[in-house]
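Chains A and B are the protein sequences, given in the same order.
Those letters in the first sequence? Residues 1 to 156, by the numbering used here.
Those letters in the second sequence? Residues 1 to 186, by the numbering used here.
Think of the hints as simulated: they come from the structure by calculation, not from any bench.
Hints are supplied without guarantee of correctness; some may be wrong.
If the Cβ cut is set under 10 Å, some of the chain B residues that face chain A in the computed set are [stated by the list, open to error]:
#1 LYS6
#2 ILE7
#3 TRP96
#4 ALA111
#5 ASP115
#6 LYS135
#7 HIS136
Here are the simulated DSS-like cross-link-like pairs (lysine-lysine), alpha carbons at most 25 Å apart as the crow flies [to be verified]:
#8 LYS97(B) / LYS122(A)
#9 LYS135(B) / LYS90(A)
#10 LYS90(A) / LYS75(A)
#11 LYS97(B) / LYS86(B)
Every residue, glycine too, gets a C-beta built ideally from N, C-alpha and C.
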Amino acid sequence: MILRVFASLALALAFALPAAASNQHPTLAELEREVICPTCHTTLELSSAPIADRMRAFIRQRIAAGDTKNEIKAKLVSQFGESVLAAPPKSGFNLLAWLLPLVGIGVGGAALGVLAFRWSRKRADPAPAGLSANGRSLLDPELERRVDEELARFDR
Amino acid sequence: MAGRLKILLQAAAVVVVALLLALLGWKVVHTDEGRALGAEVNSGKRPAAPAFTLPRLGSDDEISLASFQGKVVVLNFWASWCGPCKDEAPLLEAAWKRYRDRGLVVLGVDAQDFDVDAQRFVDRTGITYPIVRDKHGSTLGRYGVTGFPETWFVDREGRLVGEHVAGPITEEQLERNILLALGTAP
Chain A
1 MILRVFASLA
11 LALAFALPAA
21 ASNQHPTLAE
31 LEREVICPTC
41 HTTLELSSAP
51 IADRMRAFIR
61 QRIAAGDTKN
71 EIKAKLVSQF
81 GESVLAAPPK
91 SGFNLLAWLL
101 PLVGIGVGGA
111 ALGVLAFRWS
121 RKRADPAPAG
131 LSANGRSLLD
141 PELERRVDEE
151 LARFDR
Chain B
1 MAGRLKILLQ
11 AAAVVVVALL
21 LALLGWKVVH
31 TDEGRALGAE
41 VNSGKRPAAP
51 AFTLPRLGSD
61 DEISLASFQG
71 KVVVLNFWAS
81 WCGPCKDEAP
91 LLEAAWKRYR
101 DRGLVVLGVD
111 AQDFDVDAQR
121 FVDRTGITYP
131 IVRDKHGSTL
141 GRYGVTGFPE
151 TWFVDREGRL
161 VGEHVAGPIT
171 EEQLERNILL
181 ALGTAP
């Protein structure tokens, strides 16, 4: 149990440390992938528009000044709005964009699980003798009586 | 129970698809709104100019288009990195000075730009007419702006008139449309 906890912590740290380092010391290439050019609506790395060149110069300048990635992004958002970010921020209303797909997958998976469970239970639970799968008599009682009469007459 | 769950899931799926379609429809209608406006104006119609309120460049004050009701407005969309915008700025400044006594206002809308660059542009070109900053580009779609510069003319009743000039404006185009909007076209 303790081993598992340590393994989870080590895994979390393995992912968290590079992310923290990337935020602390961002590179132009990283930010070019995470920022959208407002005139051509592609990421900066794919854009050669004049405003994209200007934004690259701004990012270089802010990196040299020691800004973190989040600070640089915040400054760009203050100038161009949130649409300048390639991915919505993980806060406020925008958090929905991150959570809804997970909720959708969870709800869909749960629904599939429930249906699969019901189907498998139905198959494993054979119907009692004389009853159909839906629990009803195979024949209508009146019809069954008539069949019995006919069979008796046939036997005679 | 399984049947009810199935119906519930199907209903939820239909609702989600309907919502997505409604969103798509809304987006298409609002994206085409600006393009339709240009076609209407160029065919001689006089649609209402889409209203907006934006902060003034370098200040927290806001300017709304509605505040110019009763005046003719030359609405010029620009950005500091746009070469032709530099060329036409002196024309707009000259028109503003020439016709302001007759009720003309030139209103610059700066978008897709840095504040500091926009301010530097204003200082270097010597613009004195009011400039607003559209940081989120909220007016661009509504006016069908696809590049810079673009110019619209708004009459005293707040309707778009004359030509929608997509690209750098010439002195002759500027004069003709101002006179038309002022109601003194020959």
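Each hint, compared with the structure:
The criterion of a C-beta within 10 Å of any C-beta in chain A is met by LYS6(B), whose closest approach is roughly 8 Å, and the hint holds. For ILE7(B), the suggested interface contact is broken, since its CB lies about 12 Å from the closest CB of chain A, more than 10 Å. Proximity of TRP96(B) to chain A is violated relative to the hint, the smallest CB-CB distance being about 26 Å (cut-off 10 Å). Because the closest C-beta pair between ALA111(B) and chain A is about 8 Å apart, less than 10 Å, the hint holds.
Hint status for ASP115(B) relative to chain A: holds, with the closest Cβ pair at about 7 Å, below 10 Å. Hint status for LYS135(B) relative to chain A: holds, with the closest Cβ pair at about 6 Å, below 10 Å. With 10 Å as the threshold, the beta carbon of HIS136(B) comes within range of chain A, its nearest partner Cβ sitting at about 4 Å, so the hint holds. Distance hint between LYS97(B) and LYS122(A) is unfulfilled; the C-alpha atoms sit about 86 Å from each other, more than 25 Å.
Distance restraint check for LYS135(B) and LYS90(A): the Cα-Cα separation of roughly 22 Å lies within the 25 Å cut-off, and the hinted pair is therefore satisfied. The suggested pairing of LYS90(A) with LYS75(A) holds, with an alpha-carbon distance near 17 Å, which does not exceed 25 Å. Under the criterion of a C-alpha separation no larger than 25 Å, the hint pairing LYS97(B) with LYS86(B) is consistent with the structure, at around 18 Å.
Checked against the numbered hints above, the structure violates hints 2, 3, 8; every other hint is satisfied.
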